[in-house]
Amino acid sequence: MAQEHAAPIHGEDEGTTTGLNHRKMLMWAFLGSDCMFFGSLIATYLVYQGKSLEGPLPIDVFDIPVTSISTFVLLMSSMSMVLAYSALTKNNMKGFRIWMVSTAIMGATFIGFQVYEFSSFANHHVEVDCVNPGELTKYEQHIFDEGCASGEAHAESHEGLKPQTNLFGTTFYTLTGFHGAHVTLGIVWLLSLLLLSFKKGVITPEKNLDVDLAALYWHFVDVVWIVIFTVVYLFGVFPGF
Amino acid sequence: MSTFPISIPRPVHPTGIWNWITTIDHKRIGILYGVTAFIMFLSGGIEATLMRLQLAGPELDIVSAAVYNQLFTMHGTTMIFLAVMPLSAAFFNFVIPLQIGARDVAFPRLNAFSYWTFLGGALMLKLSWIGGATDAGWFGYAPLTSVAQNPGTGIDFWIISLQVLGIASLAASFNFIVTIINMRAPGMTMMRLPLFTWMSFLTAILLVLAFPVITVALIELTFDRYFMFNFFNVANGGSVVLWQHLFWVFGHPEVYILILPAMGIVSEVLPVFSKKPLFGYKTVVLAGAIIAFMGWMVWSHHMFTVGLGAVANAVFTVTTMLIAVPTGIKVFNWIGTIWGGSIRFNTPMLFSLGFIAMFLLGGISGVMHAVSAHDAQQQDTYFVPAHIHYVLFGGAIMAILSGIFYWFPKYSGKMYSERQGKISFWLIMLGQNVTFFPMHFVGLDGMPRRIYTYVEGMGWEFWNGVSTGGVFILIIGFLLVVVNIGRHWKNGEPAPADPWDARTLEWSIPSPPPEYNFEKIPIVRSLDDWWETKQGLDYKEVPASGGSGNEGHEIHLPQPSYWPIVAAFGLFIAAYGVVFNDLLIPWALAAVGLTIGFIGVYSWSLEPVNDPEEDSTN
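Line by line, the protein sequences are chains H and S. Counting along the first sequence from 1, when you hit position 149 you're at 202 in the numbering used here, and nothing is skipped either side. Counting along the second sequence from 1, when you hit position 108 you're at 119 in the numbering used here, and nothing is skipped either side.
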């Protein structure tokens, strides 16, 4: 009776009070908790926004087109995840595996972009033309003031942006680093499920909860990235925000 | 049944010590929690005793200033994270499934993992006494925790063990949220939940939302200490006030995490020993929910003297005073409950009545702190320890003692000595007032807290001496509790199923309950269903689990497992690896620990809840 309007039965599901599977409810509670985790990191970032004593600042290092590409890839991976789950429920195991691999690859691509981004920020190199400087950011102005005093043609800095450099570096690497760690964990999870799907009877159209939960987590991590991309990258570069 | 990556046979019918190590029975885990936490409580009491001895007279030299700093920091951290929270968790574990008519919690193995992780974190924190414990206060204010100020490993142990304890608390809270929502017996609607379960539910929600905040704060501190990040580095523009905000955004909900379960226990005990239903059940539930919600809006009252500005201080003054309203409502409901009842003054009842009186006094000084101008006079004086000991000792600990005696027949299957129980109540009641009340006087006289000594002639000698004297009354009281519980657990009279003529489902089953709790799952038709049943409402039950009725009569219990303790052990090793990250090969120990933990979690997630090849019933 209780099972007629309950969620699909997942083996260990023993007619719960709400009809919702235990593990699914736990996942939602965990995601709520994780919201507070990222919320605290983002709050820290916002509190320290514009409080760095020296550069480089977001405007100096961010490359919005590049990060837009990785953002797009990550968001597409969510679609791929949906297709994987959908294929599984339609008993299309081949399609399921293809979309799982594709989701993991897109996640890995995002991580690859992040690694590239981190290393390019850390080795950020600025050169200022002393004769004809044009419009300078605060950081470039600082390099100009430091390096152009004695009549050189160029002033440059190889300092780069490291977590120790300033508050921006500290908060930026911590926030995006923890997001990257979440994505990495998600990739491990997806690949584990992919391997398990070759074992008979572990993942089937009926026993799809494991995939469902991984998908929930994956979408959540994507949504968090939308917030980070907006708050950190877009707000950081476009002062109109 | 093969498991990946390691295949070992499952412990089906373990005996002796293995029975405890691999247990996933919520009742046994509850007992493990209770015993461990009580030992931790006593260790925190020893720390407090040493501090009181040092302050007994002016310019004593029993402990050094450095040791004193470690004592008050470890005392606070121990009592909050290793004593009151896990003592509440002991009751969550033991009582909640019984009260909602369930056979176990939703995730039995996760529950075992919570306990072992808690044990690891607790051991790690207490063992940090070797080599110097943390001395920056339980709130760990920046920059006291910076490497420059505090180069030793004490702070590192504090940070990492709190993270480990946080994982344990979060895992337990997820478990109880799902258990309470999803494992209620048929008919057990949310508004028929016993009050203790309700308050535990709110506590679990608070924990799930508050702990990530301290996790982030501790991560930031870790990065500052280990990798020279700038979060709390003022030289690079960092703000020490950010730590205070993050800490208290966690820390104030934490206060309600400590007190809501206590309120739940009292709301169970008072109706039973007054032979009356709880006065205004819905109001008490709603007041608890409002407290849990408002608990998020008052954190800056810990920071009135930081200089946040008049507006912030005014706002937090008002919200803090407002939160006293639902608390007051509860107190009136409790008084309304005992009003006109046929009261029996058993030990649990005495402790609950003591709770109301002591908690009320603590609440009154709490409202005094709420006024920011008033608070400026009290900040960092002994008036504040007086307040927190009235709410946490007079409040939380008294309620927990009430619970320890109330459920004693249920978890031990024996009866304690009522005479000894009553004597211990009066000793503890007297002892705490002698110890903590004089702190109001010396506090208003200007004695700062967290000082290791004071000079003669400040007018503080007499009341400090009295305070220290009170500690010995408390020690005798608690020794009597230990003797009473310990002796009667072994040799007490066998307890009947329902010795108190109580109201909730846990008393409808034998004492101690069988492993499967309910032979048949009860059908709940009203609030206080067990009481109603005893009054003649005919008792109904459904076979086995769930409502479909065609699932056969077998009781399927989850089987014991090795993996929770393996995963927790891995985490413990990894935690040590983080503190001693430069031992031999940098970070190698942490990597080893994480690998063990990973193997544990992986094998656990691939292990079926019930091994179909094995017989699951005893």
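Because the hints were derived from the structure by calculation, they are not lab data. Glycine residues also receive a C-beta, built at the ideal position from the N, C-alpha and C atoms. Each hint should be verified, as a subset may be incorrect.
A few chain H residues facing chain S, derived, Cβ under 8 Å [stated by the list, open to error]:
hint, residue
1, T70
2, G85
3, F90
4, L94
5, L99
6, Q102
7, S105
8, I117
9, S121
10, N219
11, L220
12, T223
13, T227
14, K253
Partial selection, computed: residues in chain H whose CB lies under 7 Å from chain S [what the hints assert, rightly or not]:
hint, residue
15, T69
16, H75
17, M78
18, L79
19, S86
20, M89
21, V100
22, G103
23, K104
24, L106
25, S250
Straight-line C-alpha distance at most 25 Å; calculated DMTMM-like pairs for lysine to aspartate or glutamate [as the list claims (entries may be wrong)]:
hint, chain 1, residue 1, chain 2, residue 2
26, H, K77, S, D593
27, H, K253, H, D263
28, H, K253, S, E618
Going down the list of hints, with the structure as the test:
1. Hint on T70 (chain H) holds. Least Cβ distance to chain S is approximately 5 Å, under the 8 Å limit.
2. Satisfaction of the interface hint for G85 (chain H) is found here, the shortest Cβ-Cβ separation to chain S being roughly 6 Å, below the 8 Å cut-off.
3. At a threshold of 8 Å, the smallest CB-CB gap from F90 (chain H) to chain S is about 4 Å, leaving the interface hint in force.
4. Residue-level restraint check for L94 (chain H) holds (minimum Cβ-Cβ distance to chain S is 6 Å; threshold 8 Å).
5. The criterion of a C-beta within 8 Å of any C-beta in chain S is not met by L99 (chain H), whose closest approach is roughly 11 Å, and the hint is violated.
6. Below 8 Å, beta-carbon pairs count as interface contacts, and Q102 (chain H) has none with chain S, the closest being about 11 Å; its hint is therefore violated.
7. Look at S105 (chain H): its Cβ gets to within about 6 Å of chain S, closer than 8 Å, so that hint holds up.
8. Checking I117 (chain H) against chain S: minimum C-beta separation of about 25 Å lies over 8 Å; hint violated.
9. About 27 Å separates the beta-carbon of S121 (chain H) from the nearest beta-carbon of chain S, more than 8 Å, and the hint is not met.
10. Hint on N219 (chain H) holds. Least Cβ distance to chain S is approximately 6 Å, under the 8 Å limit.
11. Checking L220 (chain H) against chain S: minimum C-beta separation of about 5 Å stays under 8 Å; hint holds.
12. Interface hint at T223 (chain H): satisfied, since its Cβ lies 4 Å from the closest Cβ of chain S, which is below the 8 Å cut-off.
13. Checking T227 (chain H) against chain S by beta carbon gives a least distance of about 6 Å; that is within 8 Å, so the hint holds.
14. The closest approach between the C-beta of K253 (chain H) and any C-beta of chain S is roughly 12 Å, which is over the 8 Å cut-off, so the hint fails.
15. Satisfaction of the interface hint for T69 (chain H) is found here, the shortest Cβ-Cβ separation to chain S being roughly 4 Å, below the 7 Å cut-off.
16. This hint holds: H75 (chain H) has a C-beta 4 Å from the nearest C-beta of chain S, less than the 7 Å allowed.
17. The restraint placing M78 (chain H) at the interface with chain S holds, with a minimum CB-CB distance near 5 Å, inside the 7 Å limit.
18. With its C-beta approaching chain S no nearer than about 5 Å, L79 (chain H) sits inside the 7 Å limit, and its interface hint holds.
19. Taking 7 Å as the C-beta contact cut-off toward chain S, the hint placing S86 (chain H) at the interface holds, the least distance being around 5 Å.
20. The beta carbon of M89 (chain H) comes within 4 Å of a beta carbon in chain S, closer than 7 Å, and the hint placing it at the interface holds.
21. At a threshold of 7 Å, the smallest CB-CB gap from V100 (chain H) to chain S is about 6 Å, leaving the interface hint in force.
22. Interface hint at G103 (chain H): violated, since its Cβ lies 10 Å from the closest Cβ of chain S, which is beyond the 7 Å cut-off.
23. About 5 Å separates the beta-carbon of K104 (chain H) from the nearest beta-carbon of chain S, less than 7 Å, and the hint is met.
24. A least Cβ separation of about 4 Å between L106 (chain H) and chain S falls short of the 7 Å threshold, and the interface hint therefore holds.
25. Annotation: S250 (chain H) was flagged as interfacial toward chain S, and the flag is violated, the nearest CB pair being 13 Å apart, outside 7 Å.
26. Between K77 (chain H) and D593 (chain S) the CA atoms are separated by roughly 40 Å; this puts the pair beyond 25 Å, and the hint is violated.
27. With a C-alpha separation of about 15 Å, the suggested pair K253 (chain H) and D263 (chain H) falls inside the 25 Å cut-off, and the hint holds.
28. Straight-line distance between C-alpha atoms of K253 (chain H) and E618 (chain S) comes to about 15 Å, which keeps the hinted pair within the 25 Å bound.
The earlier numbered hints that this structure contradicts are 5, 6, 8, 9, 14, 22, 25, 26.
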